[in-house]
Every structure is written in C-alpha cells, then in structure tokens.
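Put together the whole structure using the sequences plus the hints.
Residues per chain are reported as follows:
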Amino acid sequence: MILCALSIFGIVALIAVQLVKGSQLSWDKFGFGFFSWPEGFNFGSVFKAIMDPNSPQPNYWDPVNGHFSALPFVYGTLVSSFLGLLMAVPLAIGVAVFLTEMCPGILRAPLAFLTELLAAIPSVIYGLWAMFVLVPLMREHINPWLVQLLGWTGFFSDDNPTGLGFLSAGVILAVMILPIISSLTREVMSAVPHSQREAVLALGATRWEMIRMGVLRNARIGIVGAVILGLGRALGETMAVTMVIGNSIEIHRSLLSNGNSMASVIANQFSEASDNLHLSALIEIGLALFAVTIVVNALAQLLVWAVTRGAPARVN
Amino acid sequence: MGLGELRVKVERNRLRSFLREQTDRLVTGLAILATLLVVAPLVAIFVYLVFKGASSLNVSFFTQNPKPVGESGGGMANAIAGSGILLGIASLIGIPVGIGGGIFLAEFGRGTKLADAVRFTADVLNGVPSIVMGIAIYALIVVPQGHFSAFAGGVALGIMMIPTVCRTTEEMLLMVPHAVREAALALGVPNWRSVLSITVKTASPGIITGCMLAFARVAGETAPLIFTALGNTYWSTNLNREIAALPLQIWIYAQSPYDDWHRLAWAGALVLIILIVTAVSLVRYVTSRGVLKGAS
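Protein chains in written order, with numbering that gives the first Met the number 0: chain A, 0 to 315; chain B, 0 to 295.
Warning: the hint list may mix true and false statements.
Reference listing, derived: stretches of chain B covered by chain A, where coverage requires no fewer than 3 residues with Cβ under 8 angstroms from a Cβ of chain A [claimed, not checked]:
hint: 1; segment: 44-58
hint: 2; segment: 96-104
hint: 3; segment: 182-190
hint: 4; segment: 216-225
hint: 5; segment: 247-255
hint: 6; segment: 260-270
Cut-off 25 angstroms, straight-line C-alpha distance, at most; resulting in silico cross-link-like pairs (SDA-like, lysine to any residue) [to be verified]:
hint: 7; chain 1: B; residue 1: K112; chain 2: B; residue 2: L91
hint: 8; chain 1: A; residue 1: K20; chain 2: B; residue 2: N125
hint: 9; chain 1: A; residue 1: K20; chain 2: B; residue 2: G145
hint: 10; chain 1: B; residue 1: K112; chain 2: A; residue 2: A15
hint: 11; chain 1: B; residue 1: K200; chain 2: B; residue 2: V179
hint: 12; chain 1: B; residue 1: K112; chain 2: A; residue 2: A190
Think of the hints as simulated: they come from the structure by calculation, not from any bench. Don't be surprised by glycine CBs; every beta carbon is placed ideally from N, CA and C.
What follows is the structure, given as structure tokens:
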C-alpha cells in the first residue's frame, strides 16, 4: 500500500526527469533566451512589431533554420487564460453565492449535478462544440460587433475572417473552467461556519451584507485559491484551445487574431517535428508548462486547504 | 440636539436603510442573473451535443471501420476497439495502484506527514496538463522502442488514473463509520485484516464507482495519446503498433472538411458523453445512499 502511495512521488519525478532530459539540447543551445525575444531583436523592436503590423515581424519559431523562441506561445497562453478568467471569475462567484446563500433547496442538487457533469466532459468535445457552434457565432456576430464598438483601441481588428483566435479560445476556456471555479468556491463558502452568518444577521445586516461580511470575507483566501486552480486548468488546457486558437506563430495586438498557446503548439507540432532540436524545443515548452502548473496548483491547493481544513476535501 | 438636526438624521438613516435594501436586491438579482447566464448556455451546449450526436449515431458507427475519403458511411469500430484496449491497459495500471494508495491514505497512513504529502502531491498531479504526461511517456517508452504503440498510450492513461482513483478511494473509505472498524478490532481481528475485509469491503460500491469515474474521464483524454498511440485508420489490436482511439478520431474528424466525418465526430462525442453521464450518476447515487447500505 505504501508503495502505491509512494508511486505518486515517482510519477512526478519521472515526468520531471524525462522532460529535463528531453529538453537538454534546446536548453544548451538557447538557455534562458528561449523564453525571450529571438536573435536580432530586443524588447523595443518586438514590442513595436506587436503594436504595428507594418514594422518588421520577427520569425520566432523557425524549425528550418533552427531558431526557436517560445515567446509567442507564452504570450498566447497568458492572453487566452487571462481572457478566460476575466469572463469566468465574476460569473462563477455569482453562481456560487446564489447556490450557497440564496438557492431554494430543490434546485441545489440538480445544479450541483450539472456542474459535476460539465467538469467531467472531455476537452475534445468542448473543442468540437466550439469549432461548429462558437466559432461561427464569433465570426458572424460577436467579432464584427466588437470591431465596430472597440476597433479604435487596436485590440479588435477585422483582419481575421475565420472567427478563430485568442478571444474564441478565451471564451471556450471560460466555459470549461466555470464549473471548476464555481464548485470550489461553493465548497469554500459552505465551509464558513454558520455562526459567522448568524452573528452578522443578528446585527441587523441585510442578506448581501451578511454574504459580504460574514461569508466572502472569511472565504476570500479559498476563493482566490479556486480562481488560481481555474488558472492552472486554463494554462494547461490543450485540445479545446488547439481547435479554436488558429495555430499561427506570430504575436499580434488584436485579440481576434490567430495564435498558439504553449499546450497547443505541442499538440500541433510534436508528432511532425523532424529534427532533434525542434523536438527538444517543444519538450522544453512542456517542461515550462509542467513547472508552472505544479507551482500554480500547489499554491491553489494550499489556499483552498487554508479555508476548508478539517472538512475532507473532495476530488472532483 | 435641535429638532431640525434630528429630522435630518432620521431622514439620512431612512435613506441609508433604503439604499442598503436596494443594494441587497440588486446583488440578489445579479447572482440570479449570473446563474442564468451560466446555466442556460451550459444546458444548451449539453442538449446540443446530445441531439447532434443522437441524430448521427447508427448501427454502422459501431460495426464498420472508417471508409476512405469520399465514400459515405463507415463507422468507428476500430476506434472503439482501440479505446477499449487502451483503457484496459490503463485500468490494469491505474486501478490497483490507485486503490492501494487510497487505502494507505485513509487507513494505514491516516494523519501521518507522509499521507499529507502524498495527498497534496496527488492533487497537484491532477492539475498537471495531460499533454505533459504524453511527452513524458513519449520520452520513456516511444523513443527507446522507436515506434508509437498502443502500450505507450495505455501506460500514459494509466498513470493519469492513479491520482484520481487514489483520492476517490480515500474519500469513500473515510465515509465508512468508525464503529465498523472498532467492531472488527474489538473482535481481535488484526488491523490489516479489518482494513481489507471489513472497511474496504464496506466501501467497495463507492470505490468501484470511483474507478468508473476515473475510467470515464480518461476515456475522453486526447492530448496524451497524440504522440503515444498516434491513431490509426485501420483495424488494429496489436499492442505494439499505432492504435486508433475514440477521442483522437473525434479530433481528427472535427478538423477535416468532410460533412460525413463531422457526423462521425458528433456520434463519437455522444458515446463519450453517455459514458461520462453514467459514471457521474452512479457516483452520485452511491454516495447519496451512503456507503454502509451498499454492503451486503
């Protein structure tokens, strides 16, 4: 039994060793420069290339000549995850508040069942749905509307007629992490003792004041943990993002342009990578993803445990 | 205090409580709105998937192999068989190790530092992107062997099952009342025996459904298979060769330009969803009934 338990550590060690070994080649060649601007560019010129499409565009990822810079993928991961969180977090907290504090008991079980179910649906199915429903919707209605309304900021330009891109990836990420964030937030909020609620109510507070002072304030660390856990999922989400992000290796200012995230570039290129350096560069991206998600998840877990300690944690 | 001053104060208080009540109403409205905004599209997605899949599913989906491009019809028999083989290998690895780990966490190691560390690592491992697992198995098995194989895919999925099975098993064991353990120990049964034939047996319906849930989840994993099992358009049951898998096939067909292949992708998605719904409902059913009543 103890061996089985220890195998968990073994798996983590195995992944780490294999990834470090596999990325050795790329690490020796590029060092830390792998995650910064490509050769011949500096911060200024890369920034200029992003803001102004007419200035010279760096070739970040050039398997033919063996130049690799993971910058566009780091950018893509950060932007799509950020967009996903921006959309998901307020809604998720709203749902959790409704479910724990306001919901009539009869609705609670079906809604909890629904979130559980949605959290378990494979990401390739979300991707399938996004490709055939979300992307056309974005292309026909939402993107033109955004361009018209906010086109002047430069973040929404109409040079991508496909409907794919960072924003579509952000929306599908939001849909996917919503159940996770809201169910964890709900769990954290229900871990707040009833005496806290009763004390605030006894002082004559309205229900919202009770929620704000009695519940949210006590649960805030756990809620931050839930959001970070959602972030961890968003950073590593592969299939759905791969299917809608557009698979292009450039950085553009417009959120409607095609891109690639760290996970999606691995999914797209790994089985076709021909030479060792290319493969090694992709593995190094995987290593970075592994390290980041370990840190993010560990942090989130600690924060959630800080609130729910005592109550047995749930797996899903 | 003058009368005028008092009146101002009363008015101010009245205004304040009015504002407080309105804020309360506003927030309640917002929370309901948020729930509707979330639930409506999610239900819509779900219903859409079910209908689209149901209209595409037919018998030949289960009995025929994919037809070449341009020919209509065909099915995913090879992918279903492939998924079955991959999941079989995965279960052989993931379920015993996971259950063993879970028993350690809940029974033998309860309250120890080691158990805390294992529990924490398992939860963190659950959040590691599955594609990273794929790379690790690629480097571990595919590179030394020199070719993609069903075996590598199965191992990748099996390793992914371990943390989930481990944690659900622990959770189910913790639901067994202490009195049951104490009763066994009071009869002079050694601890290991009481764990294996009393506690684990009592919790077994829960543990089994927990394993089903892990199974159903892994069944939909695509990313770790892309460069371990690779996929195959032909019927193959050879563990040493590339093999087709349902989620991989959905991915490939979704990106194709052919309507017929899209139809197959939707049908495949429905099969995976049915698997998931069954597993999640069973877990709900078993946990809501309580572990004890499930024991014979």
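Results for each hint:
no.: 1; hint: 44-58; verdict: holds (count 4)
no.: 2; hint: 96-104; verdict: holds (count 8)
no.: 3; hint: 182-190; verdict: violated (count 0)
no.: 4; hint: 216-225; verdict: holds (count 7)
no.: 5; hint: 247-255; verdict: holds (count 4)
no.: 6; hint: 260-270; verdict: holds (count 4)
no.: 7; hint: K112(B) with L91(B); verdict: violated, 29 angstroms
no.: 8; hint: K20(A) with N125(B); verdict: holds, 23 angstroms
no.: 9; hint: K20(A) with G145(B); verdict: holds, 17 angstroms
no.: 10; hint: K112(B) with A15(A); verdict: holds, 23 angstroms
no.: 11; hint: K200(B) with V179(B); verdict: holds, 11 angstroms
no.: 12; hint: K112(B) with A190(A); verdict: holds, 24 angstroms
Of the numbered hints listed earlier, those contradicted by the structure are 3, 7.
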